[in-house]
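**Student:** Which chain is which? The protein sequence lines are A and B, in order.
Last residue of the first sequence? That's 365 in our numbering, and every number before it is there in order.
Last residue of the second sequence? That's 1312 in our numbering, and every number before it is there in order.
Derived from the structure by calculation, the hints contain no laboratory data.
C-beta: ideal position from N, C-alpha, C; glycine also.
Some clues are possibly wrong.
Calculated Cβ distances over 12 Å to all of chain B for the following chain A residues [unchecked claim]:
#, residue
1, ALA56
2, TRP76
3, MET153
4, ALA166
5, TYR199
6, VAL210
7, ALA211
8, VAL212
9, ALA229
10, VAL233
11, ALA242
12, THR297
13, VAL320
14, LEU348
Some chain B residues close to chain A (C-beta under 10 Å, calculated; not the full set) [to be verified]:
#, residue
15, ARG1032
16, VAL1106
17, ARG1108
18, ARG1126
19, GLY1138
20, ALA1241
21, ALA1276
22, GLY1282
23, VAL1286
24, LEU1287
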Amino acid sequence: MREEAGARGREAGELPDALVAAPGAPAARRGPGPGGWRERPDVRSLYRLAAFLAAAYALPFAVGAWAGTVRLDAAWLAGLATVVLGGVMQGGVYAMFAVGLTLIFGVMRIINAAHGEMVMMGAYLTWVAFFAFGVDPLLSLALTLPLAFLFGMAVQRLLLDAAVGAPELTGLLITFGLGLVMIYTAELLFTTDFRTIPYAPGTVVLAPGVAVGQNRVISFLMAVGISTAVYLVLRFSRLGKAVRATALNAEVALVCGIDVRRIYLLTTGLAAALAVAGGALVSIQFGFNPETGVVYTLQAFAIIVLGGRGHYVGALIGAVMLGVLEALVSLLVPNGTAMVELAAYALLIAVLLIRPGGLMGVREG
Amino acid sequence: MAPAEHVRNLAALAAAAVVLALLPNHLSLYLRSFLLFLMMSVVLALSWNIISGFTGYTSFGHVAFYGIGAYACAILVADYGWPWPATLVVGAATAAAVGAAIGYPVLRLRGPYFAIAMLGTAEGTRVVATVWDGLTHGGLGISLPSAETSIPTYHAMLALMVVTVVVAYAVGHSRLGIRLTAIREDEVAAEALGIDTTRYKLAAFTLSAVFPAVAGGIQAYKVLYIDPPSVFFVQITIAMALMAMLGGKGTVIGPILGAVILYTAQELTWVNFPTAHLIAYGLFIVLVARFMPRGLVGFAIDRGWLRKGMVR
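Chain A on its own, in the form it takes in the complex (with noise of 0.2 Å):
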């Protein structure tokens, strides 16, 4: 983290980012907003953006605290417990959203607004393969993860590879478009019924009144596993590299002998398949329909924002707090799980607003 960027830096003989860019990239691209060097990352922002983590955090509890719903007893903290692990669960199927939609974005600056549509895909192939085949959730991800591979490599090659480089709105309505054709789809072959799969109907007790559900204690173990392994590829192998050289710069990448548009078609199945396998997750824990993936999609924007664009880690750090953050919404205010939706909205413009960067300080806008 580079201490007063801006005006104090470039007196101090610091070249600014525009002379430091790459030959071609206009300058007014790497400044967020039109206040130039203002807006650009820097620490001020990010304890700014502390201080108001801080008071979202706070907040549920002073409604609560004014609402009468915290008691501060044995069993009042035992419940904050159990929620407050809830939500770290869920910040693990949260990750599972937001690191694919992270991955295209980082690597070709679109946002898949089609993203949750593919949680909700896999939600449904993971109900297909279980009571259609008799095939338990997990092992059916060895088929299923394939199958999403594939499916996100033919929209890369049909759809987004002329989306890349365009302005947003063609990126954004194609993938939108796509979204639609595939809720309907969904509609037409499973109707809009909400449907779950009962798999680890079990509790696990951690403490004295602090128990999980078997279920989100298992979907939460294989997100881990999951996000730690593409984590791993991503940072050590040579694949991962050139993933990372083209999201830095596409162009500098393809003069390096990168074969750019084969990192694109790998990076969009390899977030298909994650989208695929949060799907499978959701299926064993909650209800899901054709229409719920538009949370999902919004949900995952919000991570992605919070963490910062495009940054893998921070993507992870995001849905943890996401995760946490609505639990303590649900819990604590009144009429919360209605409100639990604003929270990720909230979430997403205070962190727009107070560091587009987000955590970690993305930079490139």
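For chain A, the structure is supplied; the task is to place chain B on it using the hints.
**Tutor:** Coordinates of chain B only, in the frame set by chain A:
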């Protein structure tokens, strides 16, 4: 453009308005409401175009203003017994105030971040409308006292459409329009030329919030029932963007053309393929965005059928 051309364009608009004004008594109820919603599409596409077409700030949340207008009308008519036309003014003023309040911070964001922030804003407004049931009756929605409203709403929508077209045309041909286009092409350069970009963006955004609010109010009075999912429907925003894009955003004739074509096509597919029409609609969005990103007008300009100056 020569003044004679302005006169000719306005005369064409006036002629179309007169024909449309004389029609409703001779039409079936179905055709009347078809035309009303067609005109509403033109209003929505044109007002979206004022901010997103001219300045390039793609809004994915304009439905928020539409919903605010619809709620202002429904609440004031149903709960306070206001005369209907007065509620449209309140709706427009509320939407303008909300637009300015939201636009001031959010317009500092660019590109996809602006689009997402607006999407979040629209969803947020929907949740507020659902949760704040003391004012909005929550998820139950609001029923308006029943009345024969198809003729007055038709004329109101026609008047609104004419005003919107004139305003959009005036913006397109004014210094304001040129400044907005300069912001789209290169915001930093525009600022360096002395254009107060924040001020003009905010003006365009607020202006573009007003017409959808009035349209929402008229629609509420036409349908006589609203609830949060129906008036804060994300697809309304997408339809605005798609219509403008299909015709050619950043022009005046483009969004009008796009609205007429798309709404008619939507109605025909809906009538003929009730189950599959939304799939077809999604597919259509994909195809337009994939193969015709500059719209019909851009397509025609590329082939030399139109001059650039003719379509502003």
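**Student:** Any hints this thing doesn't respect? Which numbers, in order?
**Tutor:** When the structure is compared with the hints, numbers 4, 12, 14 and 15 turn out to be violated.
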